[in-house]
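A.B. asks: Generate the whole structure from the sequences, applying the supplied hints.
Listed in order, the protein sequences are those of chains A and B. Quick note: the first sequence, position 10, residue 9 per numbering that gives the first Met the number 0, numbers continuous. Quick note: the second sequence, position 43, residue 42 per numbering that gives the first Met the number 0, numbers continuous.
Among the hints, a few may not be true.
Stretch-level coverage of chain A by chain B, calculated; a stretch enters the list once three of its residues show a Cβ under 8 Å from a Cβ in chain B [unchecked claim]:
1) 49-57
2) 114-124
3) 146-157
Reference listing, derived: stretches of chain B covered by chain A, where coverage requires no fewer than 3 residues with Cβ under 8 Å from a Cβ of chain A [stated by the list, open to error]:
4) 7-15
5) 21-35
6) 72-78
Because the hints were derived from the structure by calculation, they are not lab data. Using N, Cα and C, we set each Cβ at its ideal position, and we do this for glycine too.
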Amino acid sequence: MDARVSVREADFDLSAEVAALRAGDGGVGAVVSFVGTVRDRSDGQALSVMELEHYPGMTEAAIEAMIDEAQRRFDIRGVRVVHRVGPLAAQEQIVLVAVSSAHRGQAFQACEFLMDYLKTQAPFWKKEHTAAGARWVDARVADDDALARWGIRSDNAG
Amino acid sequence: MKVEVRYFASLREGLGASQAVEMPAGSTVGDLRERLLSSSPRHAELLARGRAVRCALGQRLCDESQRLGEGAEVAFFPPVTGG
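C.D. replies: Encoded structure:
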């Protein structure tokens, strides 16, 4: 089976990723995928580049642990997470979370759980470049609140 | 004992990617932060108490009460913003 987690500069192909996730598993009746993309504006300024930094090793291990937790909580069959790093232009793809299951409900929930978890617990940092200069993106309390819905406390935003 | 400190994102820009620090046996992650805070004005600013700084020990998120071992890898970084 292919690796569950890929952190890399290269882009991903949603169709190919979903096909690989389903391949050879006749029990799959639902695949839910989420794709996060780079918005073209930040605080009213046109975004030129979004830079993504990560903590090599820890990032992959943290996402693997999240997938293990999702598999304990939900009746799902396969998970694939791809997260890009390095410089990204506006409208490029940043992240993919895809989940397969027998029925849609568990796949929808697991996909949202994984994204909520990843936003606050995986070591990635975004830096936006606009005409006004470069700035590190602030963490959002709303993302901690999103994870709290699953009964997991996060103080990421401080 | 010697520990390796790593920084990421805004902390890396201000303090460099990594540094080696000698700490007394039994020290915690919080003790290490205190030691770093007093080591330079730039450390004092970027690692100031009251600033949102997260830490990891052995590449796992931790709190500052965790004890350091010989050769430990400790990272300090701002709140994460992936996804």
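A.B. asks: Could you work out which of the previously given hints the structure breaks and list their numbers from low to high?
C.D. replies: Violated hint: only 5; rest satisfied.
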